[in-house]
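J.: Under our numbering, the residues of the sequence shown are numbered 1 to 160, in order.
Hints are supplied without guarantee of correctness; some may be wrong.
Simulated crosslink set (BS3-like; lysine-lysine; CA at most 27 Å straight-line) [unchecked claim]:
hint, residue 1, residue 2
1, LYS103, LYS79
2, LYS51, LYS82
3, LYS103, LYS125
4, LYS103, LYS83
5, LYS82, LYS38
6, LYS79, LYS38
7, LYS38, LYS51
8, LYS125, LYS79
9, LYS79, LYS51
10, LYS125, LYS83
11, LYS103, LYS82
12, LYS38, LYS83
13, LYS51, LYS103
Hints are computed from structural coordinates only; laboratory data are not their basis.
Values in this document were obtained by computation on a predicted structure and should not be read as measured data.
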Amino acid sequence: MNSLLSRAVELQHAAHTLMYLGMDGEPLYSDDFCRQNKDVLLKSDSLFAVKSSDIEEEANLCLALLMGYNATIYNYGDKEQKKQEILVRACDVLEGLPDSLLKVRLLTYCYGETYEEALLQTARKIVDGWGQTSLTSEQVEAAEELRNMEENPYPWEYVD
Numbered sequence: 001m002n003s004l005l006s007r008a009v010e011l012q013h014a015a016h017t018l019m020y021l022g023m024d025g026e027p028l029y030s031d032d033f034c035r036q037n038k039d040v041l042l043k044s045d046s047l048f049a050v051k052s053s054d055i056e057e058e059a060n061l062c063l064a065l066l067m068g069y070n071a072t073i074y075n076y077g078d079k080e081q082k083k084q085e086i087l088v089r090a091c092d093v094l095e096g097l098p099d100s101l102l103k104v105r106l107l108t109y110c111y112g113e114t115y116e117e118a119l120l121q122t123a124r125k126i127v128d129g130w131g132q133t134s135l136t137s138e139q140v141e142a143a144e145e146l147r148n149m150e151e152n153p154y155p156w157e158y159v160d
C-alpha cells in the first residue's frame with residue numbers, strides 16, 4: 001500500500017535519519033550521505049504538489065516536507081519558496097489540528113522556519129500538559145527537539 005500517509009511517514013523517517021546521520025558514532029561516508037540527500041530531496045519533490053483533505057494527513061505531509069527540505073543539502077533554487085508554501089499550508093492545518101504529538105512536531109518545525117514566538121508558546125503549552133509521567137519515546141524526542149529549538153533559536157546568527 002502506497003497511501004499518502006505512508007509516503008509522508010516514510011519521508012519523515014528518511015529525513016530524520018539524514019539529519020542525524022553520523023550522530024551514533026558510526027562512520028559517515030560521503031557516497032551514502034549524497035545518496036540519502038538525493039533520496040530525501042526526490043521524495044520531498046514528489047510529495048510537494050500533493051495535498052490532502054484529511055487534516056491529520058495534511059499535517060503529516062507538511063511536517064514531512066519541512067523535515068525533508070531542511071535535511072537536504074541540495075537546492076535547485078526553489079527550496080525556500082517551497083518551504084514558504086508549506087508554511088502557509090501548515091498554518092491552515094494547525095488551526096484545526098487537536099493538541100497532539102503531531103501538532104507539537106509541526107509547530108516546532110514551523111517555529112524553526114519563522115521563529116514566531118506564538119508557535120513556540122503553543123507547542124510548549126501542549127508539552128507542559130503532558131506532565132513527566134510515562135511519556136512515550138516519541139513525546140520525549142519531540143520535547144527535546146522543542147527545547148533544543150528554544151535554546152538555540154538562531155543557529156546561523158553570529159553574536160559578537
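J.: Hint by hint, which ones does this structure get wrong, listed from lowest number up?
T.: 8
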